[in-house]
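Protein sequence lines, in the order shown, are assigned to chains A, B and C.
FYI, the numbering for the first sequence is 1 to 169, going by this note's numbering.
FYI, the numbering for the second sequence is 1 to 169, going by this note's numbering.
FYI, the numbering for the third sequence is 1 to 169, going by this note's numbering.
Treat the hints loosely; a few may be bogus.
Note: identical chains are not told apart, hence a pair may lie in one copy or across any two.
[As the list claims (entries may be wrong)] Here are the simulated DSBU-like cross-link-like pairs (lysine-lysine), alpha carbons at most 35 Å apart as the crow flies:
#1 K30 to K166
#2 K168 to K30
#3 K166 to K76
#4 K65 to K30
Derived from the structure by calculation, the hints contain no laboratory data.
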Amino acid sequence: MNRVTFVLGGARSGKSTYAERLIEATGLPKVYVATAQAFDAEMQTRISEHQSRRTGWQTIDAPLKLADALHSQRGKNNAVLVDCLTLWLTNLLIAEYDIPSAFHVLLGVLRSADHPVVLVSNEVGLGIVPENALARSFRDHTGRLHQMIAAEAGHVHFIAAGLPIKLKG
Amino acid sequence: MNRVTFVLGGARSGKSTYAERLIEATGLPKVYVATAQAFDAEMQTRISEHQSRRTGWQTIDAPLKLADALHSQRGKNNAVLVDCLTLWLTNLLIAEYDIPSAFHVLLGVLRSADHPVVLVSNEVGLGIVPENALARSFRDHTGRLHQMIAAEAGHVHFIAAGLPIKLKG
Amino acid sequence: MNRVTFVLGGARSGKSTYAERLIEATGLPKVYVATAQAFDAEMQTRISEHQSRRTGWQTIDAPLKLADALHSQRGKNNAVLVDCLTLWLTNLLIAEYDIPSAFHVLLGVLRSADHPVVLVSNEVGLGIVPENALARSFRDHTGRLHQMIAAEAGHVHFIAAGLPIKLKG
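Isolated chain A (complex conformation) (with noise of 0.2 Å):
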């Protein structure tokens, strides 16, 4: 059985308390994978607000190591959620990591997953084309690993105000 879920959506809709709730429904310890860095005051506020709600969940902070975060779950028999995507590929980009090869050793250590693994992602690449090129490039990477993580994944699930539309699985 395929043990990945991917979650896909919009800024504020819903999807990160949604992956919470298939993190729950397994009825396995808690492992949140955040990849989020605060870099100001906003940011902080963010990731403070999803703090909040996850009391009884183990935190694993990875802004760029994912997939050594991901490589320790091995074995342990955890359900783990990756919550998001787009703000570790932020991270590569800002710290001019190869987007490729880390990409490449992520898809490796989600293949060989032996625990339920839910990974969360914004979908950005549904307005106006960004006059700024570092966002068309940011924009195309982001929209590469969505095709990848998605053609790996047993589950993919689109969020809009809170409900689900189901891609696959």
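Please arrange chains B and C on chain A, whose structure you already have, making use of the hints.
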């Protein structure tokens, strides 16, 4: 039976036309609750286009007092179209209303509606994160409102290219 | 039988690859109607990537005269891919064509197509309202075109993360 239908979609997705057809299908007298305010010529053109389609409708202007407008419809057995929530929210922000409190009052009125009501709104959270802090705040409020309305509604339809995706009901 | 399929999706959503697979599945000779024009290096890179996937296809360049290109395919029993409508619309706007009239002519040709045709386009209306008036106008034209094509098509698929949501047919 839940009388509330939520119609969500992008710009020029055909969501208003779709919502109007839902109202027409009830066979009841038609009321159009308009939240738009004409600040400029472009907006005036959009408003005129919508109005020309709506002969045979009673119109109530409610750029801010949407809950009052809906409350006034109790006991009348009209079918009520609210178009649209994103403009209402824009007006609330410009007038510096207390947003969470306005949402709370609106939800209360919807919960006790004794007539069909169709609410139209724009999905705005599926593009790149806006650089403008006000736009990010607007996007967050919109997303939260959509989740609340969708949770309350009996039917939720997402419109793309004039065609509905049924999210609920 | 309606021969027209409309494939709508975000940036890097996998919509072109998906559309190509629909064409391959017909087993007919493959024609690629390209609307892209290389104005800069970034665009040239995108075009080259698409071309490298399309060996074994006949290519017709139609940055503006899309209806003529489609009309030229009558009676040939080829499977025709148009990629993409948003670039065609961009070219029309730059060349100051009469947009409603160009849409009308395109729809007429689609209505009488005697071969499979798959049209690809970008959904661009699900982000924050653009500050730029030209971008708003582009978004409006795009939305109207999508509604018209979707109404004409026998099949409409919305693509996210490489996966289709069936809107029609």
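Against the structure, the hints come out as follows:
When the C-alpha separation of K30 and K166 is checked against a cutoff of 35 Å, the pair qualifies both within a copy, at 24 Å, and between copies, at 32 Å. In this assembly of identical chains, K168 and K30 lie within 35 Å of each other by CA distance both inside one copy and across copies; the values are 24 Å within and 29 Å between. Proximity of K166 to K76 under the C-alpha cut-off of 35 Å is restricted to the intra-copy arrangement: shortest distance 29 Å within a copy versus 39 Å between copies. For a Cα distance limit of 35 Å, the shortest separation of K65 from K30 inside one copy, 19 Å, qualifies, whereas the shortest one across copies, 44 Å, does not.
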